[in-house]
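Participant: Listed below, chain by chain, are the residues.
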Amino acid sequence: ETGVTQSPTHLIKTRGQQVTLRCSSQSGHNTVSWYQQALGQGPQFIFQYYREEENGRGNFPPRFSGLQFPNYSSELNVNALELDDSALYLCASSLANLWGDETQYFGPGTRLLVL
Amino acid sequence: GENVEQHPSTLSVQEGDSAVIKCTYSDSASNYFPWYKQELGKRPQLIIDIRSNVGEKKDQRIAVTLNKTAKHFSLHITETQPEDSAVYFCASPGLGTTDSWGKLQFGAGTQVVVTP
Chain A
1 ETGVTQSPTH
11 LIKTRGQQVT
21 LRCSSQSGHN
31 TVSWYQQALG
41 QGPQFIFQYY
51 REEENGRGNF
61 PPRFSGLQFP
71 NYSSELNVNA
81 LELDDSALYL
91 CASSLANLWG
101 DETQYFGPGT
111 RLLVL
Chain B
1 GENVEQHPST
11 LSVQEGDSAV
21 IKCTYSDSAS
31 NYFPWYKQEL
41 GKRPQLIIDI
51 RSNVGEKKDQ
61 RIAVTLNKTA
71 KHFSLHITET
81 QPEDSAVYFC
91 ASPGLGTTDS
101 WGKLQFGAGT
111 QVVVTP
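Residue numbers (our numbering), protein chains in the order written: chain A, 1 to 115; chain B, 1 to 116.
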């Protein structure tokens, strides 16, 4: 196992609601990246947090937001949930370096179902 | 940004045979190429990665080759076993712009089925 944990494991919400997902990074890592994985597809990059600031964002609307805390754990918040937001949400932790080739280790994911 | 294409989408092999999955990428600045294995209902697990300063890397039955000129990299699994059955994803960070720094762009995945 990677040492990256996520909570909750499963979540059911209705359209229009808001959700907060949590991730604890592996010991010694300072960067958290969030990915959305729809059924049958590869993970899609949402954003990355480094030193408590957003450090790169994928093609996701502003209703997807996040935070990183001083202990490097992170939250993903999604407002105004839509049916298409149903997916497995993965966080990955890494130790940032100067070359951008740090290894990312994934948590077990949170499976979100929007009804 | 980076674009990663992965082939084939499904791969069926007999136990003991070899499996090869190929990925191509678009960003010539990319320097890191990991492969992840994802079993049903589980997290993507890093199985091997390669950086651009080498052309090949092996770890027991798994190897990855990189051709930076052609911008493609491949995963090779030898002596396949039923427990190798899973979805395999290639990825590349795409370093052409700082906005993509550390962002992994994944291929669509290859479903590998190893039959006894």
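Read the hints as simulated data drawn from the structure, not as lab findings.
Ideal Cβ placement from N, Cα and C applies to all residues, glycine included.
It is possible that part of the hints are untrue.
To be verified - Listed below are several chain B residues computed to face chain A (Cβ distance under 7 Å; list not exhaustive):
1. G16
2. A19
3. Y32
4. R43
5. R51
6. N53
7. K103
8. F106
9. A108
Unchecked claim - So these bits of chain A aren't anywhere near chain B, every CB distance computed over 10 Å:
10. K13
11. V19
12. R51
13. L67
14. S73
15. N79
16. E82
17. L90
18. T103
19. L115
What the hints assert, rightly or not - Okay, the calculated beta carbon distance ranges per label pair:
20. T9(A) to E56(B): 35 to 45 Å
21. T103(A) to E39(B): 35 to 45 Å
22. N30(A) to K68(B): 25 to 35 Å
Participant: Hints broken by the structure, by number, lowest first?
Facilitator: 1, 2, 6, 17, 18, 21
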